[in-house]
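Protein chains: 2
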Amino acid sequence: MDAEIIAVGSELLTPHRNDTNSLFLTDRLNSLGIEVRLKTIVGDDAERLAAVFRAALERSKLIILMGGLGPTEDDINRQVVADVLGRPLQEVPEVLERIAARYARTGRRMPPNNARQALVPEGAEWLPNKKGTAPGIWIEHEGKTIIMLPGPPAELEAMFDEQCIPRLRNRVSGEVIRTRVIKVAGLPESEVDHRIAPIYKQYTNPVTTILSTGGAIEVHLRAHASTPEKAEALLNELTDKIEPALGDHVFSTRGESLEEVVGMYLVMKQKTLATAESCTGGLLSERITRVPGSSEYFRGGAVCYSNELKTLFAGVSPKLLEMYGAVSRPVAQAMAEGIRKRTGASVGIGITGIAGPGGGTEEKPVGMVFIAVADEHGTEVREFRFPGDRDRVRLLSSQFALEMLRRRLRN
Amino acid sequence: MDAEIIAVGSELLTPHRNDTNSLFLTDRLNSLGIEVRLKTIVGDDAERLAAVFRAALERSKLIILMGGLGPTEDDINRQVVADVLGRPLQEVPEVLERIAARYARTGRRMPPNNARQALVPEGAEWLPNKKGTAPGIWIEHEGKTIIMLPGPPAELEAMFDEQCIPRLRNRVSGEVIRTRVIKVAGLPESEVDHRIAPIYKQYTNPVTTILSTGGAIEVHLRAHASTPEKAEALLNELTDKIEPALGDHVFSTRGESLEEVVGMYLVMKQKTLATAESCTGGLLSERITRVPGSSEYFRGGAVCYSNELKTLFAGVSPKLLEMYGAVSRPVAQAMAEGIRKRTGASVGIGITGIAGPGGGTEEKPVGMVFIAVADEHGTEVREFRFPGDRDRVRLLSSQFALEMLRRRLRN
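Each protein sequence line maps, in turn, to chains A and B. In this text, residue positions in the first sequence follow this note's numbering: the first is 593, and each later residue adds one. In this text, residue positions in the second sequence follow this note's numbering: the first is 593, and each later residue adds one.
Treat the hints with care, since some could be wrong.
With a cut-off of at most 16 Å between alpha-carbon atoms, the simulated EDC-like pairs for lysine to aspartate or glutamate come out as follows [stated by the list, open to error]:
1. Lys722(A) <-> Glu747(A)
2. Lys933(B) <-> Glu781(A)
3. Lys723(B) <-> Glu900(A)
4. Lys793(A) <-> Glu627(B)
5. Lys933(A) <-> Glu900(B)
6. Lys793(B) <-> Glu829(B)
7. Lys736(B) <-> Asp840(B)
8. Lys723(B) <-> Glu650(A)
9. Lys722(B) <-> Asp981(A)
10. Lys793(A) <-> Asp666(B)
11. Lys723(B) <-> Glu781(A)
12. Lys653(B) <-> Asp637(B)
13. Lys793(B) <-> Glu754(B)
14. Lys793(A) <-> Glu665(B)
15. Lys736(A) <-> Glu650(A)
Non-contacting residues of chain B with respect to chain A, defined by C-beta distances greater than 10 Å in every case (computed) [as the list claims (entries may be wrong)]:
16. Glu627
17. Lys653
18. Gly715
19. Gly735
20. Pro790
21. Glu835
22. Val895
Source of the hints: derived by calculation from the structure; they are not laboratory data. Being a predicted model, the structure only gives us computed values, none of them experimental. We put the beta carbon where it would ideally sit given N, CA and C, even for glycine.
Chain A extracted, bound-state conformation (with noise of 0.2 Å):
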């Protein structure tokens, strides 16, 4: 079964509001095994939902509207689905016996423009609000299922887990959807593609869809079955075909973030870790204690954004940062290696490039960026040019570096 859904309201169509009822409609449509094929967020406009309506009962079997349910003229959800449909609204006395109680109840009188909540198109049936005063509707229609819920996320929600789910439940034949991600390190979104495209266009189940996510690529799988056993085997089918074609650049299938996995390694292995960074200005450190527990490996860091701080932090030597300029792989190797003897940590980590906007020149780019990692058995200096704006080097800067640390940490 296929749904589709339906925002409406104007604050939805300016620059400062987003829809984001249908995340939670599609994670709980998605349990079902139903899939979302569309949405659309339309405006208080009866002649623009009404065009959007007929082209919903057209594609989709289920319709589920959101908003629009209020007391107000503006709420013209009510007034368009009869139309449309061809059912007139009639009154339902015991909705508008349920509205004023619930006034009463708080010492209000009910305004007589709320009356027109208890409205419903003929043959549908209501749903109770537990949170509110607008009911919800539910509609049987030629086949098709077409919900009308209320806007606020907490009526909406209520209602949905305890009206809907278990109706839908009864007509759904029991198919489940489950889904997967690897995420990689260190390719290119093309090269991944390039990668694992021959591979995945075997399966039209699972469905496959690459994403780039703040310097990681994620492969995202989801598989139909009949029960979640049969999608699980599914999945693992074809991960087990696509992490060789990935290689050791996937770090993760269950859905941890590269500083997560990191992190695990470094307990595994019982090391700690400091960091010394300059264009990333603390980034890095920031990432690395997102994960709860990050105290138990992560000594600390040194942000050295001039060069009296790589000198007093990180024991840079003034003569190295004359020599070489503070952007060079030997500084890079400095810091990691001088922020690594002075906390006593197990492996240390130095970055230093140029951010930008300002202050790139012909030899020393806007993106050139030198990240060294120090551990017992030595240093590693990489130098990178990336593309893009100050947070996108400043992004990617930080992957690498968690990436080079992944591929220590593992061998």
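Given chain A's structure and the hints, the job is docking chain B onto it.
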């Protein structure tokens, strides 16, 4: 002129991803007086996309498609738009050269599937992409304008601002929309609303919305008028009434972030800054160094995640740590004073607290944070109890540290 936005990508129909690009686009379109009337989110599904695009062509003058321009087979937008409009795809040699050159600059070879990105529907213009490989596409078709933009936000934003805004500005006339954002620190959302609702409710133009974003409260004003000058006058009138009600909690009315405002004060007063962070793990220095040019005033910082590092980098005496514990008023003070002295900065900040989820006790619960600001006049220490999870406690800690610094620098 009315606009309609179509976001393409199966990942946008999962419970984990939302389209946020459309918020940026709506902001920019509004600034030109263009209203967004409808948004559709559709998967990588050629048939559904074609149906949505056809419906859009019937009702909207300006249609913006986002995503689906990558090098993989999932990326269907070019083909679908070409088919619906009856304009066959043609390879543009100049685009192909640019993509290959981009790869060459970073020392890689272009994977063969990237050649797809040089395909453009007949009669269309291509839009250069400064931040990525996929060019945008601009089509004039039977009185409609169709814009195709890449999905990654950095690419989309740069392309829209540089290539699309100037072209669109030439074809809109009449009404303009102008917005203003009043940013507030140190007050909860409900208190902001309580203070200013009696003022903004007297106005239907500008429209006022209050948003809570990452520690700061933002008051958004939106004015319609026949000229930019008239719209600005409307914004000025309401801003001049709202600002006094919020007093010195207002830190920006021109879009600056709190770290930018603090940076401007530091430059203006020729002061330098250093930080010593425990529970924030580098987030404060990371925020300070997001600002280009921050090396002018930020000397650096220490992330003292262990007691030893509080002593080593910020000179906190082991006795003090033993006597009061790492999360305490005296230790925050010693961190701020110690880092200031060690680095020779004019201002030092110290943060120590319990971000959770573990580590809390009855006496020192999760969310307890001490923040100290030290300068030549002395040291201010404040105790906070922040609500929320680890991320939220860390974010609010960095936010209030910046706000304490802002107030100190203003005086």
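Each hint tested on the structure:
no.	hint	in the structure
1	Lys722(A) <-> Glu747(A)	holds (7 Å)
2	Lys933(B) <-> Glu781(A)	violated (47 Å)
3	Lys723(B) <-> Glu900(A)	violated (34 Å)
4	Lys793(A) <-> Glu627(B)	violated (40 Å)
5	Lys933(A) <-> Glu900(B)	holds (13 Å)
6	Lys793(B) <-> Glu829(B)	holds (14 Å)
7	Lys736(B) <-> Asp840(B)	violated (48 Å)
8	Lys723(B) <-> Glu650(A)	violated (40 Å)
9	Lys722(B) <-> Asp981(A)	holds (10 Å)
10	Lys793(A) <-> Asp666(B)	holds (11 Å)
11	Lys723(B) <-> Glu781(A)	holds (15 Å)
12	Lys653(B) <-> Asp637(B)	violated (24 Å)
13	Lys793(B) <-> Glu754(B)	violated (37 Å)
14	Lys793(A) <-> Glu665(B)	holds (10 Å)
15	Lys736(A) <-> Glu650(A)	holds (9 Å)
16	Glu627	violated (8 Å)
17	Lys653	holds (14 Å)
18	Gly715	holds (28 Å)
19	Gly735	holds (20 Å)
20	Pro790	holds (21 Å)
21	Glu835	holds (20 Å)
22	Val895	violated (4 Å)
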